[in-house]
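Colleague: As you go down the protein sequences, you meet chains F and B in turn.
Following the numbering used here, the numbering of the first sequence begins with 158 at its first residue and continues without gaps.
Following the numbering used here, the numbering of the second sequence begins with 2 at its first residue and continues without gaps.
Everything labelled a hint here was simulated from the structure, so no lab data went into it.
All figures in this text were calculated on a predicted structure; none of them were measured in a lab.
Virtual Cβ for every residue (Gly too), placed ideally from N, Cα, C.
Short derived list, chain F residues pointing at chain B, Cβ under 8 angstroms:
#1 Lys200
#2 Pro202
#3 Leu337
#4 Gly346
What follows is a set of in silico ranges between Cβ atoms, one per label pair, in the way DEER data are often shown:
#5 Val174/F / Asp146/B: 35 to 43 angstroms
#6 Lys21/B / Leu362/F: 35 to 43 angstroms
#7 Leu277/F / Phe61/B: 20 to 28 angstroms
#8 Ile175/F / Ser125/B: 54 to 62 angstroms
#9 Glu27/B / Pro406/F: 50 to 58 angstroms
#10 Gly284/F / Lys21/B: 26 to 34 angstroms
#11 Asp81/B / Ile175/F: 46 to 54 angstroms
#12 Gly13/B / Ile287/F: 53 to 61 angstroms
#13 Asp49/B / Asn411/F: 51 to 59 angstroms
#14 Glu27/B / Gly284/F: 36 to 44 angstroms
#15 Val336/F / Asn100/B: 30 to 38 angstroms
With a cut-off of at most 25 angstroms between alpha-carbon atoms, the simulated DMTMM-like pairs for lysine to aspartate or glutamate come out as follows:
#16 Lys344/F / Asp86/B
#17 Lys271/F / Glu78/B
#18 Lys142/B / Glu197/F
#19 Lys271/F / Asp146/B
#20 Lys142/B / Glu340/F
#21 Lys133/B / Glu340/F
Each chain is listed here by its residues.
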Amino acid sequence: MIKMVEFWQNKIPLSAVIFEIVTTLFLLMVTIFLWRKYVERKKRPVFILGMNFTFLTAGLTVDMIGRCIGYFTYPNTDYLLVSYTDFTTLLNYAILAIANCFVIIFIDEVFLHKGTNFTLPFGILNGLVIGLIIPALRLWTTDTRFGLLRDKIGEVVVFAVVSLATYGMLAFFAIREGVLNDEKLPKVGFHLIGTFGVCLVLMFLSFAGDTFIIQIVPSFSQGYSPFFYIGFSLSMIGIGLCYLGYLMPTWFKNLIT
Amino acid sequence: MIQSVYIISRNGMPIVAVGKDEKTQEFTEVALFSGILSAIQTAMQEIDVGVPKFVDTKKFEIFIEIEDEFAVALVKESKDEEERDFMHEITAEILNKLNEKYDDLSDYNMLSESQVQDIRSIISKLIQKGEKELSKRKATKIASDSFW
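Put together the whole structure using the sequences plus the hints.
Modeller: Printed below as a string of structure tokens:
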């Protein structure tokens, strides 16, 4: 018998689990393709992007594992009493902060060429995000009930702002490069990379919207508002654009040219 | 990265200098640069090896375009052989633009303050255009080599 509790409650819907598993698999596929490209070409930008995607995949996998454990551990109860997702989501954010560093290095390597003057401040900001999240993760080990993620909204906001700035810059520089270009292939490629950045910006906004709306709208108080699904849908579109923009398969190249 | 552009009269006197930092535009700096460049040109003409259009130092590359009355010298920081043709194009474009607009650019004293400002603005715009094009070419090349 589950006792109704005063603290935050949550129940993971199957749809959320499916969305996250599918996104993780897509991301894993693109990551593998990227590393294959690195083996073929041995180029530094591909290595940096490979590292970025490896950390993105690692973060999302951690988040997915938490959601799966949450879903499969308590399939027959109304509410979860242990917030696996609170822990794994925060851990995911810490891993994504590392991924952000590689995006910044990638922007510098391809577009800006300013070196540590540009990359170091962003590295420090992402280090700050990780530094803020680690105490929250330690807190979870002493109290595993739901509510940690909602209590740590400040840390989540800092992470979201840094990530928005990171992918916003990728979008800006890539789209600007696409606009400046006259050749078809780079024009399309840069626009796709830029749109991938836009998708990730919108994804972070959607997840921020989800975190916000579940606190103010009673019908979503158990979590998983439409913003959650919009966020994952955007990330899936982004991964598709990323596959076409970065990896550009032969059939797509033929289509453009 | 384009460091500076110098407009120099044929006898080696500086006319206008547009640069990234204040130091580049200081009179002594400009006069020294113009003098050295003019001396190199004269010396090379004297020994009959022709007028240099490109000078390579340890830190910079200098692209030179010469007209009857004046010369344009563009100083660029980084060294990328593939960018050299484009830098020659930009230097020539500066020369042509100024040549089209001004009948006589042989002496700084013959220019009014507004004309000097106009020349500076023409050069600055072309430097910006060059920088944008350089960045575009570099990013496109990196992305093409790495991914496409």
